[in-house]
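All chains should be built: construct the whole structure from the sequences, respecting the hints.
2 protein chains.
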Amino acid sequence: MTVAPGGKMIEEKYKHLAEAAVSMVEGIKRTGVKVAGLRDGYVKCIMPLDGNINHVGIMYAGSLFTLGEIMGGIMWGIMFDVEKFYPIVKEINIQFKRPAASDVSLEVTFNKDEADRIQKTAEKDGKADYSLELDLKDARGQTVSVVKGIWQIRKTPEELKAMLTISKA
Amino acid sequence: MTVAPGGKMIEEKYKHLAEAAVSMVEGIKRTGVKVAGLRDGYVKCIMPLDGNINHVGIMYAGSLFTLGEIMGGIMWGIMFDVEKFYPIVKEINIQFKRPAASDVSLEVTFNKDEADRIQKTAEKDGKADYSLELDLKDARGQTVSVVKGIWQIRKTPEELKAMLTISKA
Chain A
500 MTVAPGGKMI EEKYKHLAEA AVSMVEGIKR TGVKVAGLRD GYVKCIMPLD GNINHVGIMY
560 AGSLFTLGEI MGGIMWGIMF DVEKFYPIVK EINIQFKRPA ASDVSLEVTF NKDEADRIQK
620 TAEKDGKADY SLELDLKDAR GQTVSVVKGI WQIRKTPEEL KAMLTISKA
Chain B
500 MTVAPGGKMI EEKYKHLAEA AVSMVEGIKR TGVKVAGLRD GYVKCIMPLD GNINHVGIMY
560 AGSLFTLGEI MGGIMWGIMF DVEKFYPIVK EINIQFKRPA ASDVSLEVTF NKDEADRIQK
620 TAEKDGKADY SLELDLKDAR GQTVSVVKGI WQIRKTPEEL KAMLTISKA
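Chains as they are written, first to last, in the numbering used here: chain A, 500 to 668; chain B, 500 to 668.
Hints in this document: simulated from the structure, not taken from any laboratory. Hints are supplied without guarantee of correctness; some may be wrong.
Copies of the same chain are indistinguishable here, so a pair counts whether it falls within one copy or spans any two.
[As the list claims (entries may be wrong)] Restricting the straight-line Cα-Cα distance to at most 30 Å, the calculated cross-link-like pairs of lysine-lysine (DSBU-like) are:
#1 512 to 596
#2 623 to 533
#3 636 to 623
#4 528 to 619
#5 636 to 619
#6 647 to 596
#7 512 to 654
#8 514 to 619
#9 623 to 528
#10 514 to 647
#11 596 to 514
#12 596 to 660
#13 596 to 619
#14 647 to 533
#15 647 to 589
#16 589 to 543
#17 654 to 596
#18 626 to 660
#19 528 to 654
#20 654 to 636
#21 596 to 528
#22 528 to 589
Here it is as structure tokens:
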């Protein structure tokens, strides 16, 4: 895995976002999910098995869901104009491929041209959908779950702006 | 809403299941989801808004997921032979229709003939899929999310039997 300029896994400008993404929402925070890498166009998150085990000793389905679902917000935070747009989630599909018996990681590389195209649509129409297909992997690199999600950016009403400027340090 | 014979919302024989369904898995327990009604062919669960709020004051997507996902296990617990079969989740799709700004409830009535047919298939093939389509509703009775899930019952290997006999008091 490559590292960010200066060797940092989390770029300085995204430190606040990396913290907010896993701590602002109580239901996310209590899973203990961590951002392990965050820089322009790239994110890596890890869901610990510890605290997320089900009744047969593998990772709970809902914790795998959370690991995938947070990517919509993180993509918004690093790929879109966070002052102008806020994100919502429209639909998530999760397939459980294999039992997850270790920490589970998710690395995503975002496409800048695609993000620019989506943002242009939102500038014009007030909103635009964006989708992600995500491979959640166990410690051996095997896919345990596949998450397909559809999110949407919408132009931020003035009254929401103060609540949503989380990606600025 | 009708109540169980004797006026009880949770039938005596399902008390243990009602407790286990929301407390055995830490990731479910920490949401605070409750079983409000449980009897032959019927269940009602409630996800409290308190403790499950996101950064814009509505219910977190993952908590809505949990409310839907637990139904696969509860259906197993009341509709199938829990000694012979154990459940796994294969795939969940969740659509977010409206912001959920209150507690969210989910009532499900199961079809006995359909469950018997599924169990017969599992007797024959060792496993059988079952699916549910679920309407999650806010305090005003409006659908906030629709969950479509596919689970599977499988014949329980001897070594798992001790872990999975949760629905017997």
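Do the hints match the structure? See the list:
Proximity of residue 512 to residue 596 under the C-alpha cut-off of 30 Å is found in neither arrangement, the shortest distances being 36 Å within a copy and 34 Å between copies. For the identical chains of this complex, residue 623 and residue 533 are neighbours neither inside a copy (35 Å) nor across copies (44 Å), given an alpha-carbon limit of 30 Å. When the C-alpha separation of residue 636 and residue 623 is checked against a cutoff of 30 Å, the pair qualifies neither within a copy, at 37 Å, nor between copies, at 33 Å. Proximity of residue 528 and residue 619 under a CA criterion of 30 Å is satisfied in neither setting, with 32 Å inside one chain copy and 42 Å between copies.
Taking the shortest Cα distances, residue 636 and residue 619 never come within 30 Å of each other, neither inside one copy (33 Å) nor across copies (35 Å). In this assembly of identical chains, the alpha carbons of residue 647 and residue 596 lie at most 30 Å apart whether taken from the same copy (13 Å) or from different copies (17 Å). Proximity of residue 512 and residue 654 under a CA criterion of 30 Å is satisfied intra-copy only: 23 Å inside one chain copy versus 52 Å between copies. Proximity of residue 514 and residue 619 under a CA criterion of 30 Å is satisfied intra-copy only: 27 Å inside one chain copy versus 55 Å between copies.
In this assembly of identical chains, residue 623 and residue 528 lie within 30 Å of each other by CA distance neither inside one copy nor across copies; the values are 35 Å within and 44 Å between. In this homomeric assembly, residue 514 and residue 647 come within 30 Å of each other (Cα to Cα) only inside a single copy, at 26 Å, whereas the closest approach across copies is 36 Å. In this assembly of identical chains, the alpha carbons of residue 596 and residue 514 never lie at most 30 Å apart, being 33 Å within a copy and 32 Å across copies at closest. Taking CA atoms no more than 30 Å apart as the test, residue 596 paired with residue 660 passes between copies only; the shortest distance there is 23 Å, against 39 Å inside one copy.
For the homomeric pair residue 596 and residue 619, the shortest alpha-carbon distance between copies (25 Å) is at most 30 Å, but the shortest distance inside one copy (36 Å) is not. Taking CA atoms no more than 30 Å apart as the test, residue 647 paired with residue 533 passes in both settings, with 20 Å inside one copy and 29 Å between copies. In the homo-oligomer, the alpha carbons of residue 647 and residue 589 lie at most 30 Å apart both inside one protomer (11 Å) and across protomers (14 Å), since each shortest distance falls under that limit. In this assembly of identical chains, residue 589 and residue 543 lie within 30 Å of each other by CA distance both inside one copy and across copies; the values are 23 Å within and 25 Å between.
Proximity of residue 654 to residue 596 under the C-alpha cut-off of 30 Å is restricted to the inter-copy arrangement: shortest distance 19 Å between copies versus 36 Å within a copy. Proximity of residue 626 and residue 660 under a CA criterion of 30 Å is satisfied intra-copy only: 16 Å inside one chain copy versus 51 Å between copies. Taking identical chains as interchangeable, the C-alpha atoms of residue 528 and residue 654 lie at most 30 Å apart only when both belong to the same chain, with a minimum of 27 Å there against 36 Å between chains. Taking identical chains as interchangeable, the C-alpha atoms of residue 654 and residue 636 lie at most 30 Å apart only when they sit on different chains, with a minimum of 27 Å there against 34 Å within one chain.
When the C-alpha separation of residue 596 and residue 528 is checked against a cutoff of 30 Å, the pair qualifies both within a copy, at 25 Å, and between copies, at 24 Å. Within a single copy, residue 528 and residue 589 get their C-alpha atoms as close as 21 Å, and across copies as close as 26 Å, so both meet the 30 Å cut-off.
Of the hints listed earlier, those the structure fails to meet are numbers 1, 2, 3, 4, 5, 9, 11, in rising order.
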